[in-house]
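K.L.:
Spelled out from the first residue to the last, the chains are:
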Amino acid sequence: MQTIYTDVLVIGAGLAGERAAIEAAQAGFSAICLSLVPARRSHSSAAMGGMQASLGNCAKGDGDCPDVHFADTVKGSDWGCDQEVARLFADRAPIEMRQLAHWGVPWNRVVPGKSMYFKGGKQFEKEEKEENRGLITARDFGGTAKWRTCYVSDGTGHSVLFTVDNVCAKLGVEVHDKTEAIALIHDGATCFGCVARCLRTGELRVYLAKATTIASGGFGRIYPCTTNAVICDGGGHIPAINTGLVPMGNMEAVQFHPTGIVPTDILVTEGCRGDGGTLLDVNEERFMNIYEPEKQELASRDVVSRWMTHHIREGKGVKSPYGEHLWLDIRHLGEKHITGKLREVYEICTSFLGVDPIHQLIPVRPTQHYSMGGVRTDKTGHAYGVRGLFSVGEAACWDMHGFNRLGGNSLAETVVAGGIVGKKIAEFLQGAEVTFNSSVIDDEVKRQHERIENVIRCKAGTENVYKVRQAMQQSLHKGANIFRTDAGLTTCVAELQEILARARKVGLKSNGLGVNPELSAALKIEGQVKMALMVAYGALKRTESRGSHNREDFPARNDRDWLTRTLAYWKKDTDDLPTLEYEPATNVFHIPPGDRGYGKSEIIKADTPAATKG
Amino acid sequence: MARALKFNIFRYNPQDPESTPHMESFMLDETDAMTLFIALNRIREEQDPSLQFDFCCRAGICGSCGMVINGRPGLACHTKIKDLPEEITLLPLPVFQLVGDLSVDTGSWFREMYDTTESWIHTKKAFDPAAQEERMENEVAEAIYELDRCVECGCCVAACGTARLRPDFLGAAGLNRVGRFLIDPRDERTEQDYYELIGNDMGIFGCMGLLACEDVCPKHMPLQDQLGFLRRKMGITALKNFFGK
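Chains A and B are the protein sequences, given in the same order. So in my numbering, spot 550 of the first sequence is number 550, and the numbers just go up one at a time. So in my numbering, spot 30 of the second sequence is number 30, and the numbers just go up one at a time.
No wet-lab data here; the hints were simulated from the structure. Glycine is no exception: its CB is placed at the ideal position from the N, C-alpha and C atoms. A couple of the hints might just be wrong.
Derived contacts from chain A toward chain B, CB cut-off under 8 angstroms, selection only [what the hints assert, rightly or not]: (1) R40; (2) R41; (3) I95; (4) L135; (5) V167; (6) T201; (7) I231; (8) T579; (9) L580; (10) Y582.
No more than 25 angstroms apart at the CA atoms, straight line, and that leaves these computed lysine to any residue pairs for SDA-like [claimed, not checked]: (11) K170(A) - L182(B); (12) K341(A) - E139(B); (13) K60(A) - P21(B); (14) K129(A) - M116(A); (15) K509(A) - A471(A); (16) K122(A) - L280(A); (17) K341(A) - E142(B); (18) K126(A) - Q132(B); (19) K124(B) - K509(A); (20) K467(A) - D48(B); (21) K541(A) - K467(A); (22) K341(A) - E137(B); (23) K505(A) - H477(A).
Model the full assembly from the supplied sequences, consistent with the hints where possible.
P.N.:
See the structure below:
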């Protein structure tokens, strides 16, 4: 058995993980990132739109500052976020954008002079100041008061990830790609690293570390229709859940993106609407201007997705063999803009749909997009429940997004939180003394070997892993989607419990030798169903509507009873339901709960949400 | 009527002592808007769960799914079945180490390339968190991004005559990387530094000018122009060195 030691082990090599590893490396610690794929293929690369930071350099961002960014973020979260964390984030974001510029990100820059822009299909004029020439510019995104989203053409995530991975290469941060963490090594109090499976040979390996960080991104693949990459399957969360000690925060908070293309659910960026794209119905008429006269197409994602679903239910959807959808119209932006600033969108439409967006409408529907929930951590990124375990990025519930995150805030979170948490990890390592107990390591390795043996030899049964996975996805799709009800969620939980029993009986059809993909799927199916149950059961118990969590039977946001964060534990391996606990959403209120200004909804007020100054 | 598709797929699992390299056929009915991503996943889920291949973003962004499709390297995710004949032959990318079936190890190759080309900004300036960012003309930023768009799928390397002959050749992807830093005003490396990096047969002078790299690049990178630009630039540097100026 190969055993590898490092100061910091990061599970995931996307932006959040690598950014945290850089902080540790700069402080003189060794760092290794494990990744299913070469680092630059991580899903961070797919985020086209941009990163929010209140630099305020562009004309439409004039007067922007961290306070305004903070307020937008809290409103966007529907007051579900930890306000201390949102504050840390908003304050640090502009500095991080400059840090990235220093490392080599080719941010788009301010070009002085007059230019035209579209909003809600109408054309307006703006003038950029000469004094700001060459500073980092920004574009418009949903749910924000100012133009604040820094971008690199249509490939922000790609370009930033390449830059950050370059810095890792320079600093000697190792990336062990084609490596999958399958279990954490811990003694019930402290985490010592993980057992991983090599996806070049299929062999198991032990990684020992003083600090282990989960930065494996979202878990959208537990849904059937998602914009997420194939690797975003919750594989990084499962080892934490299986400790029985680490809670997942707000798993019911799942964001649906308004514009996934039909049928492949590939995302087309918010930038389309930010730059003036409009949504049309079966009659090729706009509708967002009726539902949301103020923000129109640029209301926050949960609001736009909800109105789209509502509009389809009203009979205004476009029928297709893949179900009903609506149209995204960017034709009026013109060929130059579409093949320039929106080139990726143009390529997606032509390559995957055979649609030419310069002359044709793009078929879109809301599709699973982002997991606000994840490994619950404190504001330093330290996970609840186990010492020496951290989490950062989409994998974590740090929690600056609450029940809905804004476009451009997640990509920014990866690097901003990566920097903040990475620094805290380095502080944790200063003088940290860890004693590795060999029997704890050996026991975990033995357990994993046995698990693999049992699945290969069909010891527990011969359930087909792909069929079980499909059943789980369909159940969530039906029961825990944009609109939720008591009846739908009750059925969903019951179905998932049956599916969990089947997941425990999965056995392989193939021989399981080497890098067997059926074995990879089988090793995580039970954990995925546990996560699905955390989503559905958390949603069932939360009898209110907040952000992306919409209960048709409880349409009001209930600050009196539900200004809380759900903590879902899987306490015993044999349990067939998660254990739910709750904590206050935030300990500090810089902004007391109020109206978001969009997405009209009733609010049941808390008795005394004391506004404290921070 | 839906076509009956025949896939001939390269099979070999190096970790299975009983496995030998061979071709295997699978039949599949064509469906609407089918891509190789959809087809290969159906084959794995319905016919042979051990079939190895790599997909990640399935949207042409991450570069995971390079393979040889009917004789030509390309990304499987954005290959539409309706553009292909009924018989489809799939092979793993050459040059890269085989992991199994259609899966190859591009990660190790590219990581070595980062080290060889020192694929990062070289600057003596320290970052000052309190200072405003250094200014840059938007046109310069866009020109850098144009060369930063490479997704490292490896198609250009797999299609390259020199790369098939010399394992240490940087390939269009590696040379383009050098070109990206060469035009970046933040990088303080001199022409002489770059010459030491790529002014040899492992670098720009190894290129035979066949230019299949440009033909197969799924991101339509301007590789021909890049290779020409670097060859001229390095040629001039070589002459300067020769005449001592």
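K.L.:
Would you mind marking each hint as holding or not holding in the structure?
P.N.:
For each hint, the structure was consulted:
1. R40: Since chain B brings a Cβ to about 6 angstroms from R40(A), closer than 8 angstroms, the hint holds.
2. R41: holds (4 angstroms)
3. I95: holds (5 angstroms)
4. L135: L135(A) check passes; min Cβ-Cβ to chain B is 6 angstroms, inside 8 angstroms.
5. V167: holds (6 angstroms)
6. T201: holds (6 angstroms)
7. I231: holds (6 angstroms)
8. T579: violated (34 angstroms)
9. L580: violated (33 angstroms)
10. Y582: violated (36 angstroms)
11. K170(A) - L182(B): holds (17 angstroms)
12. K341(A) - E139(B): Holds, at roughly 13 angstroms.
13. K60(A) - P21(B): violated (60 angstroms)
14. K129(A) - M116(A): With a Cα-Cα distance of about 15 angstroms, the restraint between K129(A) and M116(A) holds, given a limit of 25 angstroms.
15. K509(A) - A471(A): Given pair K509(A), A471(A) holds - Cα atoms ~18 angstroms apart, limit 25 angstroms.
16. K122(A) - L280(A): Holds - the C-alpha atoms of L280(A) and K122(A) are around 15 angstroms apart, at most 25 angstroms.
17. K341(A) - E142(B): With a Cα-Cα distance of about 10 angstroms, the restraint between K341(A) and E142(B) holds, given a limit of 25 angstroms.
18. K126(A) - Q132(B): holds (23 angstroms)
19. K124(B) - K509(A): violated (57 angstroms)
20. K467(A) - D48(B): Status holds; Cα separation ~14 angstroms.
21. K541(A) - K467(A): violated (28 angstroms)
22. K341(A) - E137(B): With a Cα-Cα distance of about 17 angstroms, the restraint between K341(A) and E137(B) holds, given a limit of 25 angstroms.
23. K505(A) - H477(A): Since the Cα atoms of K505(A) and H477(A) sit roughly 23 angstroms apart, the hinted pair holds (cutoff 25 angstroms).
Going through the hint list in order, the structure does not satisfy hints 8, 9, 10, 13, 19 and 21.
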